[in-house]
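Read top to bottom, the protein sequences are chains A and B. Numbering of the first sequence is given in the numbering used here, commencing with residue 5 and proceeding in unit increments. Numbering of the second sequence is given in the numbering used here, commencing with residue 5 and proceeding in unit increments.
Please note that a few of the clues may not be correct.
Just so you know, same-sequence chains aren't split out, so a pair can sit in one copy or run between any two.
What the hints assert, rightly or not - Restricting the straight-line Cα-Cα distance to at most 20 Å, the calculated cross-link-like pairs of lysine to aspartate or glutamate (DMTMM-like) are:
| hint | residue 1 | residue 2 |
| --- | --- | --- |
| 1 | Lys447 | Glu331 |
| 2 | Lys402 | Glu375 |
| 3 | Lys33 | Asp21 |
| 4 | Lys9 | Glu331 |
| 5 | Lys283 | Glu226 |
| 6 | Lys279 | Glu386 |
| 7 | Lys9 | Asp116 |
| 8 | Lys171 | Glu386 |
| 9 | Lys33 | Asp16 |
| 10 | Lys9 | Glu243 |
| 11 | Lys382 | Glu37 |
| 12 | Lys114 | Asp16 |
| 13 | Lys9 | Glu53 |
| 14 | Lys279 | Glu375 |
| 15 | Lys405 | Glu375 |
| 16 | Lys382 | Asp21 |
| 17 | Lys382 | Asp168 |
| 18 | Lys119 | Glu399 |
Hints listed in this document are in silico derivations from the structure and should not be mistaken for laboratory results. The structure presented is a predicted model; accordingly, all values stated were derived computationally and were not measured.
2 protein chains.
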Amino acid sequence: MASTKPARGMRDFLPADVRKRNYVIGIIKSVYESYGFEPLETPSVENLETLMGKYGDEGNQLVFKILKRGEKLRLKTGDGRHELKESDLSDLALRYDLTVPLARVVANNKNDLPKFFKRYQIQPVWRADRPARGRFREFYQCDVDAIGSSSMVVEGELMSAVSDILKRLGFTDFTIRLNHRQVLTDILDTAGVPEELHTDALVAIDKLDKIGADGVATELSERGISDVASTMLMGIFAETQEILNQEKDINRTIVANLINIVSNETLTELGQILKFADKAPILIDPSLARGLSYYTGAIMEVTVPDLAGSLGGGGRYDGLIGMFGKEQIPACGFSLGLERILVVMDEKNMFPPEIADSTPADVLVTIWNEETISSSLKLATELRNQGLRVTVYPEAEKLGKQFKYADTIGIPYVCVAGDDEIKAGKVKLKNMKTGEESTLSIKDVASNVKI
Amino acid sequence: MASTKPARGMRDFLPADVRKRNYVIGIIKSVYESYGFEPLETPSVENLETLMGKYGDEGNQLVFKILKRGEKLRLKTGDGRHELKESDLSDLALRYDLTVPLARVVANNKNDLPKFFKRYQIQPVWRADRPARGRFREFYQCDVDAIGSSSMVVEGELMSAVSDILKRLGFTDFTIRLNHRQVLTDILDTAGVPEELHTDALVAIDKLDKIGADGVATELSERGISDVASTMLMGIFAETQEILNQEKDINRTIVANLINIVSNETLTELGQILKFADKAPILIDPSLARGLSYYTGAIMEVTVPDLAGSLGGGGRYDGLIGMFGKEQIPACGFSLGLERILVVMDEKNMFPPEIADSTPADVLVTIWNEETISSSLKLATELRNQGLRVTVYPEAEKLGKQFKYADTIGIPYVCVAGDDEIKAGKVKLKNMKTGEESTLSIKDVASNVKI
Numbered sequence: 005m006a007s008t009k010p011a012r013g014m015r016d017f018l019p020a021d022v023r024k025r026n027y028v029i030g031i032i033k034s035v036y037e038s039y040g041f042e043p044l045e046t047p048s049v050e051n052l053e054t055l056m057g058k059y060g061d062e063g064n065q066l067v068f069k070i071l072k073r074g075e076k077l078r079l080k081t082g083d084g085r086h087e088l089k090e091s092d093l094s095d096l097a098l099r100y101d102l103t104v105p106l107a108r109v110v111a112n113n114k115n116d117l118p119k120f121f122k123r124y125q126i127q128p129v130w131r132a133d134r135p136a137r138g139r140f141r142e143f144y145q146c147d148v149d150a151i152g153s154s155s156m157v158v159e160g161e162l163m164s165a166v167s168d169i170l171k172r173l174g175f176t177d178f179t180i181r182l183n184h185r186q187v188l189t190d191i192l193d194t195a196g197v198p199e200e201l202h203t204d205a206l207v208a209i210d211k212l213d214k215i216g217a218d219g220v221a222t223e224l225s226e227r228g229i230s231d232v233a234s235t236m237l238m239g240i241f242a243e244t245q246e247i248l249n250q251e252k253d254i255n256r257t258i259v260a261n262l263i264n265i266v267s268n269e270t271l272t273e274l275g276q277i278l279k280f281a282d283k284a285p286i287l288i289d290p291s292l293a294r295g296l297s298y299y300t301g302a303i304m305e306v307t308v309p310d311l312a313g314s315l316g317g318g319g320r321y322d323g324l325i326g327m328f329g330k331e332q333i334p335a336c337g338f339s340l341g342l343e344r345i346l347v348v349m350d351e352k353n354m355f356p357p358e359i360a361d362s363t364p365a366d367v368l369v370t371i372w373n374e375e376t377i378s379s380s381l382k383l384a385t386e387l388r389n390q391g392l393r394v395t396v397y398p399e400a401e402k403l404g405k406q407f408k409y410a411d412t413i414g415i416p417y418v419c420v421a422g423d424d425e426i427k428a429g430k431v432k433l434k435n436m437k438t439g440e441e442s443t444l445s446i447k448d449v450a451s452n453v454k455i
Numbered sequence: 005m006a007s008t009k010p011a012r013g014m015r016d017f018l019p020a021d022v023r024k025r026n027y028v029i030g031i032i033k034s035v036y037e038s039y040g041f042e043p044l045e046t047p048s049v050e051n052l053e054t055l056m057g058k059y060g061d062e063g064n065q066l067v068f069k070i071l072k073r074g075e076k077l078r079l080k081t082g083d084g085r086h087e088l089k090e091s092d093l094s095d096l097a098l099r100y101d102l103t104v105p106l107a108r109v110v111a112n113n114k115n116d117l118p119k120f121f122k123r124y125q126i127q128p129v130w131r132a133d134r135p136a137r138g139r140f141r142e143f144y145q146c147d148v149d150a151i152g153s154s155s156m157v158v159e160g161e162l163m164s165a166v167s168d169i170l171k172r173l174g175f176t177d178f179t180i181r182l183n184h185r186q187v188l189t190d191i192l193d194t195a196g197v198p199e200e201l202h203t204d205a206l207v208a209i210d211k212l213d214k215i216g217a218d219g220v221a222t223e224l225s226e227r228g229i230s231d232v233a234s235t236m237l238m239g240i241f242a243e244t245q246e247i248l249n250q251e252k253d254i255n256r257t258i259v260a261n262l263i264n265i266v267s268n269e270t271l272t273e274l275g276q277i278l279k280f281a282d283k284a285p286i287l288i289d290p291s292l293a294r295g296l297s298y299y300t301g302a303i304m305e306v307t308v309p310d311l312a313g314s315l316g317g318g319g320r321y322d323g324l325i326g327m328f329g330k331e332q333i334p335a336c337g338f339s340l341g342l343e344r345i346l347v348v349m350d351e352k353n354m355f356p357p358e359i360a361d362s363t364p365a366d367v368l369v370t371i372w373n374e375e376t377i378s379s380s381l382k383l384a385t386e387l388r389n390q391g392l393r394v395t396v397y398p399e400a401e402k403l404g405k406q407f408k409y410a411d412t413i414g415i416p417y418v419c420v421a422g423d424d425e426i427k428a429g430k431v432k433l434k435n436m437k438t439g440e441e442s443t444l445s446i447k448d449v450a451s452n453v454k455i
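Isolated chain A (complex conformation):
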């Protein structure tokens, strides 16, 4: 017999899960729309060549590839002489993030899209990662991106919107860590890391939170960065860490500390973002690296205490869209991780009661006997017209069983239409919590149901 479990790293969402997910998604949508972002959706399946080479070597390996079909596959596997490559077997792949598809869409529709295109996109992505606690192979990204402007107004509005979302969801202690790829480049240059090793260094620095300063130093050495450079680099970050442990005017102190290392232009950009998003809890962190290689300017990540990793991250990527079209178009975006948000909200009971204690229906309509089924169905229709969510018990079983069912699935009211009630044009309504029963006109049911 086939297994009934979902595939490795994948999850089924039962109704209570879906309601929580939709609640969070609803708030994210509503805030993004209030900022003038528009919804976009792209296909789950992309041409393999669209995705390959956009996420670094590790990313390439984590892309789920789809097997060629029919003739195309037979032509490739029929000949036993050559070793098969993935590209012989696969032509399509599952979406790995929402940014590369966006870049493709912008390049493909550049005549139909406004010169500033502000879109949000909430869809699943797939990564063939080793599953672990809180890490899945299918997960939702909630992306927001503004295309077409180099102004720091974009970064500011993105940070404000993300901050609004987290506040509306009930987060009170989150921090938006902010950095700039140019800050990192300038620090690496100052420390004497040769330019061709910058990408390697960033991959190592990105792990600072996970493996600590010693771990990063070891990895820097493994990646061929000299001890002198590594020591200087870690020294600069250690100084920042000291400042981060202080209490006030942290951003100002950090910026002051960078004045001799980082260009004025870059510091001005960071200053503008702080000013334009002055209600968002932003903290400049010069050691923030972000894994992806396509960032070119500001980068950011949202963290909360008690959660390893981040709730989301993003940054400016002025070069990516040019990979798909003739034109370089500036762009900046942010991606919230739905699963991360849900983990924290679940642990801290942050869902409002109507979501946390949701029920499948407001009222269960019982069935008195085989002959009265139509009456019960008609009653259900009338209650639905009153705005109630109504489920009908499907079988003419003993009334006790029907009540027990309502109780088991948490339906707060049961409506009985027996022979007497049907004759009188009335119904009996029972409040399952209080046990209270009353006989009512059908038209008065909704006003007696308290949800």
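Given the coordinates of chain A, work out where chain B should sit on it, guided by the hints.
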């Protein structure tokens, strides 16, 4: 340079498309919830073995298979001596419909789910079909299923809910064609089609709408069904067709016509469905076959004039869940095709104006100069707090350019805060349709914006 088109048979949905899709999905959700159906979501990727053998031979071929990863793949492709099979190369697959995953979930969670489990599920499915007009490789199914009861109340409520949805979307001329697998079996028996050829015969009969009576007769013959049986079969369907062309009491006449062929029990079930869903426009059609092999009882399909194919279909499948568990659990469901619904609604302009003429934002806030950016952002925040959707022009360009942008993307109001207005704590509001301009207190903007 990589192609910027979506993969073959896949589509990007720009904001106007997404709004239309979400409008339809919203109505479907709301009606299903009013009937007490609960949301369920399952992963896009299933174990290959979960899907194989559930959709017939043709289905097996149309399932998108995912390439094995890393070591698992190398072990299989390294040895050139054997011919590779798909199962050597693939272990996972993309969801082909929402019914088989539901059956898996029910078997996997049978102790946590209520004895009657009513769920809806609106998610994409993937089929490696040859793309054609209106046929895509990724498309959304909107499924609703009731698990655990053999009562025709289930069929009745499903038909009522589907009918309510289509009416709320503005469909006035749809028909729910209803049949029963047992009716087909009895007709095939009566015509003398041997039992082992029933499945073949049904595949042919399913194409009656597409290829006509002569086409079906040819295919029946190709599939080894005798001319005598084929002629008798087509005769029975032709009689029905004549009745279908009459005007009144069609269902009663059709049932009367089947009395000598079909068992009483089956006709009673059909009669109950008609009675329990008496507001739904149901028409009994004994030639309705439905392609999928897992149906065991009532089957139905929704058609509208001027659209080849159907808006959706479904039926009872009492044997499917048992394929995943020890227990046979009765079940019945219906699937609406989102894309089909959208095609018809687009052609007939059935979207309400707020969807058809939607805009990215209610108000564009301009930027006067570099120094006033913060004032503009603050203004935007206040307008959002008034409930407006507000986009900020990201750059301090000439005001004319900013107005032109608002006009191009269809934003109905533009709000200007120049030096004078900022000093006076006021803003200038321009109605882009009428050209009307007024100077207002910030707190009065929302009440002067008519959406």
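Under a CA distance limit of 20 Å, which applies to Lys9 and Glu243: within one copy, between copies, both, or neither?
-> Neither. Shortest intra-copy (50 Å) and inter-copy (48 Å) distances fail the 20 Å Cα cut-off.
Could you place Lys9 and Glu53 in one of the four classes (within, between, both, neither) given a Cα distance threshold of 20 Å?
-> Between copies only: 11 Å across chains, 32 Å inside a chain, cut-off 20 Å.
Given identical chains, is Lys9 near Glu331, meaning Cα to Cα at most 20 Å, within a copy, between copies, both, or neither?
-> between (47 Å within a copy, 16 Å between copies)
Between Lys114 and Asp16, at a C-alpha cutoff of 20 Å, which is it: within one copy, between copies, both, or neither?
-> Classified as between: cross-chain Cα gap 13 Å, same-chain 38 Å, threshold 20 Å.
How would you classify Lys382 and Glu37 at a CA-CA limit of 20 Å: within, between, both, or neither?
-> between (40 Å within a copy, 17 Å between copies)
How would you label the pair Lys402, Glu375 (within, between, both, or neither) given a Cα cut-off of 20 Å?
-> Intra 14 Å, inter 75 Å, cutoff 20 Å: intra-copy only.
Which holds for Lys405 with Glu375 at a C-alpha limit of 20 Å: within a copy, between copies, both or neither?
-> So Lys405 and Glu375 pass the 20 Å test inside one copy only (18 Å; across, 71 Å).
Lys447 and Glu331: within-copy, between-copy, both or neither at 20 Å Cα = Neither, since 64 Å and 42 Å both go past 20 Å.
Have a look at Lys119 and Glu399 and pick one of within, between, both or neither, based on CA distance no larger than 20 Å.
-> Answer is between; shortest inter-copy Cα gap is 12 Å, intra-copy 59 Å.
20 Å Cα threshold - placement of Glu226 relative to Lys283 = Answer is neither: 42 Å inside a copy and 73 Å across each miss the 20 Å cutoff.
Between copies, within a copy, both or neither: which fits Lys33 and Asp16 at Cα up to 20 Å?
-> For Lys33 and Asp16, only the inter-copy Cα distance (19 Å) is at most 20 Å; the intra-copy one is 23 Å.
Please work out whether the CA atoms of Lys382 and Asp168 approach to 20 Å or closer within one copy, between two copies, in both situations, or in neither?
-> between (45 Å within a copy, 14 Å between copies)
The structure does not agree with the numbered hints 1, 5, 10 and 16 stated previously, though it agrees with the rest.
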